[in-house]
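Visitor: As you go down the protein sequences, you meet chains S and A in turn. Counting from 1, one number per residue, gives the positions in the first sequence under this note's numbering. Counting from 1, one number per residue, gives the positions in the second sequence under this note's numbering.
Hint data in this document are derived by calculation from the structure and do not stem from the laboratory. One should not assume that every hint holds.
Residues from chain S shown here face chain A by an in silico Cβ test under 10 angstroms; the list is partial [unchecked claim]:
#, residue
1, Q13
2, F16
3, L33
4, R46
5, M53
6, A67
7, S82
8, D115
Yeah, the Cβ is synthetic: ideal placement off N, Cα and C, and Gly gets one too.
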Amino acid sequence: MTTGIKALLSTWQGRFIAVFVLVQLLLPLHYYLARKDHHDERFAWRMFSPMRMARCATTVAIDDKPANLGGEFHEAWLEIASRGRFSVLEAMGARLCTKYPKSKVRLSIQCTYLDREPQTFGGYDMCTVPYL
Amino acid sequence: MAKQGNRSNAESRQARRAEARKAERSGGEAPAARVPAKPTSEPIPEPKFWFGFEVSWAKLVLARFVIFTVLAIDSVLQISHAPRYGAGGFNVAQVPGLDAIGPGRLGFEVGQLVCAYVFILVAFGVATRFLIPIGAAIYGWLYFGSQLDSYQHHYLVVLVLLIACFIPWQRPDGAEPATRIRTWGVRLLLVQLGILYVWAAISKMSPAWLDGRTITGQITGPLRSVIEDSVGFKTAARFALLTELVLAVVVWMRPAWFIALPVGLAFHVGILASGLEIGLFAYLMLAFYVFVIPDRALVWLATRAPLRGARWAIRAARISNPVAAASAVLLAVTLGVLLARFTRFESAFEIAIVLSVVPITLLIGSRLRGGTFVVPWLALAHVVAIALWLVLDRTTTTAIDYYRFWGGNARRLGEPAVAEAAYRRLTEIAPNEPNGHFQLGRILIDGPDEDAGLRELREAQRLEPRRARAWIAEAQWLARKGRTAEAIEKAQEAVLSEPTHPSARELLDTLSGKKSASPAAPARDDDGE
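Bound-form chain S, shown alone:
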């Protein structure tokens, strides 16, 4: 076994294979062990998983007035937001904070799932705390 691994690592092709396979085996593990946003199933080969059925209603208020996200972001981003992907929602918050300086951008998502209780994220000023 050790001889096989040594032989594999003795060529650049072998090292490439080793790194590739290791990354592919371990990267999805990141979703289960370390990812704080379970809505974000990228790089984890979670095709058609129950999480795919999650639906999140996004609410944004700028200085406590409801904002129309349809006039700010393309609908494809809103679709991703409706799946609750934090990285996109946080970027949306950051964008709105830049566009409306000195305003309070309150962003929250209310998510429903097939296999767990509904959850709410955010609800605070994203310009102060830019993470969900």
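Go by the hints and put chain A onto chain S.
Guide: Then chain A, alone, in the frame of chain S:
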């Protein structure tokens, strides 16, 4: 001893690289100077699992053609998504820090057209060692540059293209269909598929999948009624998980390919019938199953008369005269530009002109290095690649959707001038599509060129006599102008054309004074994605 072995391995690798470079210099499907087929008697470096893996040349050619043709088609069909990119100046990349280098609308469109072109050349076996890395780099940029199209499908394509850079797709010297080609790249690709299946199965090991709830909410196609009327969703869900676990084990193990082939094909055909919106993902997965078809079946097929004749014709069709070769390539380039002229994708014509450099460069490069390209094959690949743009443009709504979505985005994001330009182009390329005329009319009627706006709305009314929206738009405009009698007339037309439209009746009642004005119900825009 070990050092000696390593040195001889290194020398052998150097020799092989030199031979491969020599072969690459001659390029094409059947160049004059070819890398000798690696004799199967050559000692297999350890570990044999990777470096002793062989497939027949017939299988490699078929896989190359099928996989890269599917990728090319997929690339062209992706163009309808281009307007998302860069819309509103917002982007989130797959990897933090890359937001700024994400593609814009035009960059995405051009990138996909170039990818489609490159993939067809690769499918034809042209300069694969150069073109696959180029295609992989462009596709990688499009994928990693934005989360907009972040399905697993796109991620898999990135990985497959990376692996494909290391697969010897070009024909070794004297290779025949039965010649064994040693390729760790194909083994890695199959192992990658195994990894994909095992993680996909793990993601389904939850009560919400196992009791059938998830699959019930996802399947919509003809498969839904089949499942409902037979085993039920709970059993189907468990069977899908079991199938993925089986495929995870058998897809990369040659002795188990007799299981992988029928199970994998049935599984992915089933996904095709499930109505899931996953683009060409199932087709791509099916294409990978070429690798698990028994070699002897493909060799048998490749040695039948029609394919034997085709192979002979390809190898025989050489043009050694430089003037004749240049003329053939110039003819192909001209034909390519002409085909692109009739393609309705934005900038396709200009891109085709730039891509003309590819066959010319390959020919010149080959000549300078003393090789001979199979010129007709190269020319054919170039023409087919651009013909694919045209065929997919004219047989699908990709180009129409591109302008429709572009106009819709711009309109919603408050860029009327951009929206007007997109809708103008839409009405040019698809004059019988009512949506372009309606949206253009709506924009123009609120600007200085009201007459042009009215003309567009009336064209929409003519093209969609059973929809009220263009009549409503004209009636509202007339009402704003104080021409109430004419507005009522148009509102009546709206009700007649689409009696169930919520706004049509309300507008008529309001204009007739039967009801006080209330906020209009939102119109169906038909320009959203």
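Visitor: Decide, hint by hint, whether the structure agrees.
Guide: Here's how the hints hold up against the structure:
no.: 1; hint: Q13; result: holds (6 angstroms)
no.: 2; hint: F16; result: holds (7 angstroms)
no.: 3; hint: L33; result: violated (12 angstroms)
no.: 4; hint: R46; result: holds (4 angstroms)
no.: 5; hint: M53; result: holds (5 angstroms)
no.: 6; hint: A67; result: violated (14 angstroms)
no.: 7; hint: S82; result: violated (13 angstroms)
no.: 8; hint: D115; result: holds (3 angstroms)
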